[in-house]
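A.B. asks: In case you want the letters, here they are:
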Amino acid sequence: SQKIEQNSEALNIQEGKTATLTCNYTNYSPAYLQWYRQDPGRGPVFLLLIRENEKEKRKERLKVTFDTTLKQSLFHITASQPADSATYLCALDRTNSGYSTLTFGKGTMLLVSP
Amino acid sequence: DTEVTQTPKHLVMGMTNKKSLKCEQHMGHRAMYWYKQKAKKPPELMFVYSYEKLSINESVPSRFSPECPNSSLLNLHLHALQPEDSALYLCASSPTGQGREKLFFGSGTQLSVL
Numbered sequence: 001s002q003k004i005e006q007n008s009e010a011l012n013i014q015e016g017k018t019a020t021l022t023c024n025y026t027n028y029s030p031a032y033l034q035w036y037r038q039d040p041g042r043g044p045v046f047l048l049l050i051r052e053n054e055k056e057k058r059k060e061r062l063k064v065t066f067d068t069t070l071k072q073s074l075f076h077i078t079a080s081q082p083a084d085s086a087t088y089l090c091a092l093d094r095t096n097s098g099y100s101t102l103t104f105g106k107g108t109m110l111l112v113s114p
Numbered sequence: 001d002t003e004v005t006q007t008p009k010h011l012v013m014g015m016t017n018k019k020s021l022k023c024e025q026h027m028g029h030r031a032m033y034w035y036k037q038k039a040k041k042p043p044e045l046m047f048v049y050s051y052e053k054l055s056i057n058e059s060v061p062s063r064f065s066p067e068c069p070n071s072s073l074l075n076l077h078l079h080a081l082q083p084e085d086s087a088l089y090l091c092a093s094s095p096t097g098q099g100r101e102k103l104f105f106g107s108g109t110q111l112s113v114l
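Quick note, the sequences are listed as chains A and B, same order. Residue 1 is where the first sequence starts when you use this note's numbering, and the numbers rise one by one after that. Residue 1 is where the second sequence starts when you use this note's numbering, and the numbers rise one by one after that.
A hint or two may mislead.
Derived DSS-like pairs (lysine-lysine); straight-line CA-CA distance at most 30 Å [said to hold, decoys possible]:
id, chain 1, residue 1, chain 2, residue 2
1, B, Lys102, A, Lys57
2, B, Lys22, B, Lys53
3, B, Lys19, B, Lys53
4, B, Lys19, A, Lys71
5, B, Lys40, A, Lys3
6, A, Lys63, B, Lys41
7, B, Lys102, A, Lys3
8, B, Lys41, A, Lys55
9, B, Lys19, A, Lys17
10, B, Lys41, B, Lys18
11, B, Lys53, A, Lys3
12, A, Lys57, B, Lys41
13, A, Lys71, B, Lys41
14, B, Lys18, A, Lys17
15, B, Lys19, B, Lys41
16, A, Lys59, B, Lys18
17, A, Lys71, A, Lys55
18, B, Lys53, B, Lys41
Calculated directly from the structure, the hints in this document are not laboratory data.
Pulled out of the complex, with its shape left as it was, chain A reads as follows (with noise of 0.2 Å):
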């Protein structure tokens, strides 16, 4: 069956440092990978999308890199600050569904201390 892990439930850091959150999967072969932000009570919000052909993408203090090798992807936030603490999701279609069927990992906590 397809899965999706992130490894870690809870990542603690301090402020000004670079989080490392992991996303691995098993038997998807997908096109792009997904990473979205999801604060408590509130639906996720979609950060970065990174295609199979694209090693890394940034955004401003955020950093995706994409191992369709390792079946990995690995989700950078550099310079943290606590503001950023949050729930990080990574999210993969459905291999062939022919419709959009973002399924989700469990996610990471991130906690940034002052």
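Starting from the structure of chain A, add chain B where the hints point.
C.D. replies: Chain B only, in chain A's frame:
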């Protein structure tokens, strides 16, 4: 306007009640989605509408009945729910629903079934 609006924000209902959740977007998107999210779990796909037709039903019990009156509106009719149906119900939209798209989520309806 890049918002997906969901009403109500909170809903408490008994197991014999009938209620409806509403979702609206004015981004011109032609795909709309219902997701269900239990506490400390990732969002789980329930239904996908693409061009106002039900494209995906993730084997959701018939006590949940979706409706897409037009391309801007999505309803979820609830009847004879069980306490285990208590969750955050999220609506989302995307341009076409054909995959390779980011999703725009609403803030959700927090549903409690007594």
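A.B. asks: Each of the hints needs a verdict: does it hold here or not?
C.D. replies: Hint check:
no.	hint	verdict
1	B/Lys102 with A/Lys57	holds (15 Å)
2	B/Lys22 with B/Lys53	holds (17 Å)
3	B/Lys19 with B/Lys53	holds (22 Å)
4	B/Lys19 with A/Lys71	violated (43 Å)
5	B/Lys40 with A/Lys3	holds (18 Å)
6	A/Lys63 with B/Lys41	holds (25 Å)
7	B/Lys102 with A/Lys3	holds (20 Å)
8	B/Lys41 with A/Lys55	holds (29 Å)
9	B/Lys19 with A/Lys17	violated (47 Å)
10	B/Lys41 with B/Lys18	holds (26 Å)
11	B/Lys53 with A/Lys3	holds (28 Å)
12	A/Lys57 with B/Lys41	holds (27 Å)
13	A/Lys71 with B/Lys41	holds (22 Å)
14	B/Lys18 with A/Lys17	violated (50 Å)
15	B/Lys19 with B/Lys41	holds (24 Å)
16	A/Lys59 with B/Lys18	violated (45 Å)
17	A/Lys71 with A/Lys55	holds (12 Å)
18	B/Lys53 with B/Lys41	holds (28 Å)
The earlier numbered hints that this structure contradicts are 4, 9, 14, 16.
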